[in-house]
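Build out the structure end to end from the sequences listed, making use of the hints.
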Amino acid sequence: MQEKYRNMTPEECAARFKRNKIIYFIIYILVLFAIGTLFLKRFFYILPLKYADPESAEIYNGLYNSIFSLFLIRVVVCLLLMIIVEAMQELFFYGIFLTLCDPEKYINAEEILFRQNFFFRRYTGYARTRKMKLGLAYYSLEDYDTAWNYLKNIIPANPEKCSNIRILTAFTSYFYESGDKEKAAIYRARLEQIKASSKKKNLQLDLTLDSLKIKEALDNKQFDEAKELIRKYINNHRVSQLSRMHHQYYLGLIAYETNDYPEAIYRFKTSLENCSKLPFARDAEAKLEEICKSYHV
Numbered sequence: 097m098q099e100k101y102r103n104m105t106p107e108e109c110a111a112r113f114k115r116n117k118i119i120y121f122i123i124y125i126l127v128l129f130a131i132g133t134l135f136l137k138r139f140f141y142i143l144p145l146k147y148a149d150p151e152s153a154e155i156y157n158g159l160y161n162s163i164f165s166l167f168l169i170r171v172v173v174c175l176l177l178m179i180i181v182e183a184m185q186e187l188f189f190y191g192i193f194l195t196l197c198d199p200e201k202y203i204n205a206e207e208i209l210f211r212q213n214f215f216f217r218r219y220t221g222y223a224r225t226r227k228m229k230l231g232l233a234y235y236s237l238e239d240y241d242t243a244w245n246y247l248k249n250i251i252p253a254n255p256e257k258c259s260n261i262r263i264l265t266a267f268t269s270y271f272y273e274s275g276d277k278e279k280a281a282i283y284r285a286r287l288e289q290i291k292a293s294s295k296k297k298n299l300q301l302d303l304t305l306d307s308l309k310i311k312e313a314l315d316n317k318q319f320d321e322a323k324e325l326i327r328k329y330i331n332n333h334r335v336s337q338l339s340r341m342h343h344q345y346y347l348g349l350i351a352y353e354t355n356d357y358p359e360a361i362y363r364f365k366t367s368l369e370n371c372s373k374l375p376f377a378r379d380a381e382a383k384l385e386e387i388c389k390s391y392h393v
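If you count the sequence shown from 1, you need to add 96 to reach the numbering used here.
Under the rule of at most 25 Å between Cα atoms (straight-line distance), these lysine-lysine pairs were calculated in the BS3-like manner:
id, residue 1, residue 2
1, Lys227, Lys279
2, Lys257, Lys227
3, Lys309, Lys297
4, Lys323, Lys309
5, Lys309, Lys291
6, Lys311, Lys383
7, Lys114, Lys100
8, Lys291, Lys257
9, Lys373, Lys389
10, Lys328, Lys297
11, Lys328, Lys309
12, Lys309, Lys277
Simulated DEER-style distance windows between Cβ atoms:
id, residue 1, residue 2, range
13, Lys297, Lys257, 16 to 26 Å
14, Glu278, Thr354, 28 to 38 Å
15, Lys248, Asn161, 51 to 61 Å
Calculated directly from the structure, the hints in this document are not laboratory data.
Virtual Cβ for every residue (Gly too), placed ideally from N, Cα, C.
Okay, here's the thing in structure tokens:
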């Protein structure tokens, strides 16, 4: 689905998403209608038993309970499938940002949907999720002021008591990258606390904490430590394409700083093939051009 969005304009992405929503909703209604029709057909078929002799009435009660139970099971299964399909549709649409690494296209397409479906995307439970997604998209473009306009609406009142990992990781990364190290430290400490007390691993939590360690290791020229952390995620397909391409760029930086220019060329080109519209692409292109000119590659 993400590949279909790749060569579309934001308007086309929004139109496809909306059309798919309508198609699946119509299918859902038709399936519910079919389930209801089948139930009524069976109900009217056994209805005469209710008004016959007592033994027939008893048979009717047993059959009716079975038919009604089967009807409810089918309705619940249909509802669950619809919820799953809706979630997958939202995930594929968000993939414009996470998988295709095109936050600007995602932002524009989401704003179009917001105008066309104002009630759902503003007043339902999705509104908070939408604000976080848009905030992260603007943050990835290093537009921290606009990102804050969205993220400030979902900031926890007390981060030390917050247990929502998605929100905690979002604000940890935002404050760290925007330069507010003091607030970043508060959210980071809360994530460390959750990690220490939890028996289960959480990929998003581990990735956020390790990303901060990678950046600190790069700043301190601790390249071996950074590479060791990057290896944990560079080929992990549970990690988003966006994060993996950031790691490719970091490996390019390490190779550039250690004068391993063939490796630097490979890593920079890999990151640019997928993330040419992200801010780090400018630095990757500049360093790649410098290497090519200096060594006539």
